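Protein chains: 2
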Amino acid sequence: MFKDFTNKEIEEVMQQSQAAFRIYQRMPLSKRAGFMRAIATELEKCGDHLIHTAMKETNLPEARLRGERARTILQLNQYADACEKAEWMEISIDTAVPDKNPPKPDLRKMMVPLGPVVVFGSSNFPFAYSTAGGDTASALAAGCSVIVKAHPAHAETSHIVADAILNAAAYQNMPEGIFQHVYGQSFEVGKALVMHPYTKAVGFTGSYTGGKQLFDWANQRKEPIPVFAEMGSVNPVYLLPEKLNASATEIAAMYAASVTLGVGQFCTNPGLIIGIESDALKSFLHDLGKAIQKIPPAAMLHAGIVKAYKENKGNALLQDGVHLVAESETDVKANEGLPTIATVDAKTFLNNPVLHKEVFGPYSLVIRCANANEMLLVAQQMEGQLTSTLMATASDIKGHESLVEAVKNTCGRLVMNGVPTGVEVCLSMHHGGPFPATTDARFTSVGADAIKRFARPITYQNWSNELLPDELKNENPLQILRRVNGEWTKNRI
Amino acid sequence: MFKDFTNKEIEEVMQQSQAAFRIYQRMPLSKRAGFMRAIATELEKCGDHLIHTAMKETNLPEARLRGERARTILQLNQYADACEKAEWMEISIDTAVPDKNPPKPDLRKMMVPLGPVVVFGSSNFPFAYSTAGGDTASALAAGCSVIVKAHPAHAETSHIVADAILNAAAYQNMPEGIFQHVYGQSFEVGKALVMHPYTKAVGFTGSYTGGKQLFDWANQRKEPIPVFAEMGSVNPVYLLPEKLNASATEIAAMYAASVTLGVGQFCTNPGLIIGIESDALKSFLHDLGKAIQKIPPAAMLHAGIVKAYKENKGNALLQDGVHLVAESETDVKANEGLPTIATVDAKTFLNNPVLHKEVFGPYSLVIRCANANEMLLVAQQMEGQLTSTLMATASDIKGHESLVEAVKNTCGRLVMNGVPTGVEVCLSMHHGGPFPATTDARFTSVGADAIKRFARPITYQNWSNELLPDELKNENPLQILRRVNGEWTKNRI
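Chain order of the listed sequences is W and X.
Counting in the numbering used here, the first sequence runs from 1 upward without gaps.
Counting in the numbering used here, the second sequence runs from 1 upward without gaps.
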């Protein structure tokens, strides 16, 4: 068992993190990248011990955890490459025009780190969105020191990963305190970290309640700080009529798998499926139900998640007008989540906010709309989402312009004829979305642009070349792509 | 006189703005840019009438106002060009890799507008940061509809500019309601605009009190929204010893002019000048005082600003340890601001938060540090700033690494051997800074990157080419620069 940090210990952590930040921010990009790559190597070196510990703490299967560790390593290496490539720095240089009236000064803009970043990892990604996950990698790439509060549901796993990071820090001669690992079951620990004056930003992946609380604390500070909280989503799927007519059976099979993937424990799990009353929708519902019956339940992450799943699903099923379509026919154990599909008509859905809430687990609610107008209304009143999906033919899209627009305006990723689960790590991925999916729709937590959450621009005006940071020097010693007088180039000035 | 809008009128305004947004967001970039350029043309057509009205309402001299209108026109045209060039969209395309395991989908990321934006203009820039100013131009470029609350101190000027925008909207066949002009002396009007569910972002330039209030309201909404408030700054100037020794007289002359430029009514006005006790500092203080005595007072923007200047300056001068160095020797009229220099020792400054506050007007406080360590302490404890300035030789910079770092960590623009007043409008300009200079250090309100405040990324996954927005189509019909599989190119895919 790990003991909660005391206020005194938290104060020490923050002092050390601030001291480390002051050194780390001045280190060259290659050093930051080297540190990140060393963490990746150390994670690999943790071997089976790490995987087995995570299996014990999270109930996630071995293959999934091996895959997730590989993804975490990929993220660290990918963001390290991006860190050195420095495109996230959005460098822009305007050289002086002395004979302009008034004279135009020499102006050179780049990104600098915000300061110490507090990271709250998620329970559903013990590697990729936890201790050495995407937020930590983004903050280190930006030049920030990092304080991770270990997720209590996998504290031992977090401990092993933290040790790996500290080993990497030692090998790479990082300043002491660059990475700090804090334990706390009590919300007071989280609050103390967010409220500390040295903390300059927060990264969070988890529930709406948790994320919104951190956001509110951060805004109540004397000096408010940015919080990027990814708070989950119900990821609506819109079944457009022509497509549904043509492919009801295939869509049902695809979604039975997506709804139950990883026992439904993904923030991109499709929790709402919206169609228009028709024979095709009936047939889809029937096929989806049949498929769900055949999918066995599986162990969820921890007792708290199972309990919440049962309560939230139970509550949803109790609402007026909600009907159970099907459940898995396999016996369910106490620690397992039972795959379940329910249905409701759109009018009832529109008037009952309970049904808009995420039910975290292998559950989806099929909304039956009387007609296309009602589907439009559902889309227009939808809360902000990480993803929305359109199952549609080209003529469906062209015939439902307002619907497509409404769906676009409420999500961060718009999937066509696929499933929202599966989040590719690359520059073109946006993993974010309008509130309440996240606390700031302008940033992503997946892909190297996630670095930008923890950096801010600064302009150097009229500095002599020798005193400028390497990123901005005339001779471009880092050989990075920069905008010089409006044009992208690697050339020297 | 203009009457405050009623809640009913505000509701109508927001309904129309939302309806207009739904149409405007789908218009091509060239249409947005055309609208912005038409506003620029209409502003020019307002001719002398606009200038004379602004002179009457703001007391600003004719040449300054003509210059400011030209700058406003430049901004509209420059951001229109940037809008079409579309680099602010940060387009990234990763094409599918079907034989990857799992298969990598086709992912294409671009920026889309947030929605209706409420703009609160400033009193000190009746054109460039008001009705058709930088925030309005940024929001229109991003694809947002705009609601401007007219500044009560120049409501007639705002009315003329609003008419110019509405004329441009009519000529360019913009949707009705794309631009809305609202009057309100009462803070209830501002609150109603910020709290309205259709409002998706806020731009503000003005006082800390005003900006912080909008920020707090926005965060108390059921759906919090981003507020970019530029709340001013004291813009500290650090006089490093070697430079001061060599150039005390020149620096004094430069700063007498900068402190009093535009009657000190710039958010980049140097309100603190920090030096180390020495003969050179004494000589600097003496010369600065002499120069200030010779600069005549001039009319300030409005009665409220004069009153606040007198009160805030009077209050600062009453603080223990603060000494008046010099005032202008010309008689001052009731509507004028009297150029004034005061001084205090660093210990007193560090212990008195009153002295850290902006005194908006032709006033600056010279802080005398006992030694370099005390100067470092002042820099480390400095609040966030739009700008900081170093008056320094190369060896000063090299010999004061910690100071330079502390100064960098607390500002958005770092000026070397110049004055902070004068904000060039170009891509490399950053006009922003850590709280309390702004509410989000990650964004600028000057330069085309200001557009990014009002846009968010979205990723299209697996869309067929013909259904994608033009920005993302394989053939690149807009001929814009895009990152395709990590490389910037204008080539088709």
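Read the hints as simulated data drawn from the structure, not as lab findings.
Among the hints, a few may not be true.
A pair counts as met if it fits within one copy or between any two copies, since identical chains are not told apart.
With a Cα cut of at most 27 Å, we get these calculated DSSO-like pairs of lysine-lysine [as the list claims (entries may be wrong)]:
hint : residue 1 : residue 2
1    : 290       : 104
2    : 8         : 191
3    : 473       : 290
4    : 473       : 333
5    : 357       : 290
6    : 222       : 45
7    : 100       : 85
8    : 31        : 398
9    : 282       : 31
10   : 473       : 357
11   : 56        : 31
12   : 31        : 85
13   : 408       : 310
14   : 56        : 282
15   : 398       : 100
16   : 473       : 408
17   : 212       : 3
18   : 104       : 408
19   : 282       : 191
Bear in mind the structure is a predicted one, so any value in this text is a computation, not a measurement.
Check your understanding: When no copy is specified for residue 357 and residue 290, does a C-alpha distance of 27 Å or less occur within a copy, between copies, both, or neither?
Key -> within (25 Å within a copy, 68 Å between copies)
Practice item. Go through the copies and call it for residue 31 and residue 85: within, between, both or neither, with a Cα cutoff of 27 Å. Key: within (13 Å within a copy, 35 Å between copies)
Point to revise | Within, between, both or neither, where residue 8 and residue 191 count as close if Cα-Cα is 27 Å or less | key: within (14 Å within a copy, 41 Å between copies)
Review point. Is it within, between, both or neither when you check residue 31 against residue 398 at 27 Å Cα-Cα?
Key: Classified as between; 22 Å across copies, 51 Å inside a copy.
Practice item. Could you figure out if residue 212 and residue 3 sit no more than 27 Å apart (CA to CA) within one copy, between two copies, both or neither? Key: within (25 Å within a copy, 38 Å between copies)
Practice item. Indicate which option fits the pair residue 282, residue 191 if close means a Cα-Cα distance not exceeding 27 Å: within, between, both or neither. Key: So residue 282 and residue 191 fail the 27 Å test inside a copy (49 Å) and across (48 Å) alike.
**Study point:** residue 473 and residue 290: within-copy, between-copy, both or neither at 27 Å Cα
**Key:** neither (65 Å within a copy, 39 Å between copies)
Review point. What label fits residue 56 with residue 282 when the C-alpha limit is 27 Å: within, between, both, or neither?
Key: neither (41 Å within a copy, 71 Å between copies)
Exercise for review: If the cutoff is 27 Å on CA atoms, where do residue 222 and residue 45 land: within, between, both or neither? Let me know, please.
Suggested key: Neither way: residue 222 and residue 45 sit 43 Å apart in one copy and 46 Å across, limit 27 Å.
Review point. At most 27 Å between C-alpha atoms: does residue 473 with residue 408 qualify within a copy, between copies, both, or neither?
Key: between (42 Å within a copy, 17 Å between copies)
Practice item. Give the relationship of residue 290 and residue 104 under a CA distance limit of 27 Å: within one copy only, between copies only, both, or neither. Key: For residue 290 and residue 104, the Cα distance exceeds 27 Å both inside one copy (71 Å) and across copies (29 Å).
Practice item. Go through the copies and call it for residue 408 and residue 310: within, between, both or neither, with a Cα cutoff of 27 Å. Key: Neither. Shortest intra-copy (32 Å) and inter-copy (52 Å) distances fail the 27 Å Cα cut-off.
Checked against the numbered hints given earlier, this structure breaks hints 1, 3, 4, 6, 9, 10, 11, 13, 14, 15 and 19; the rest are met.
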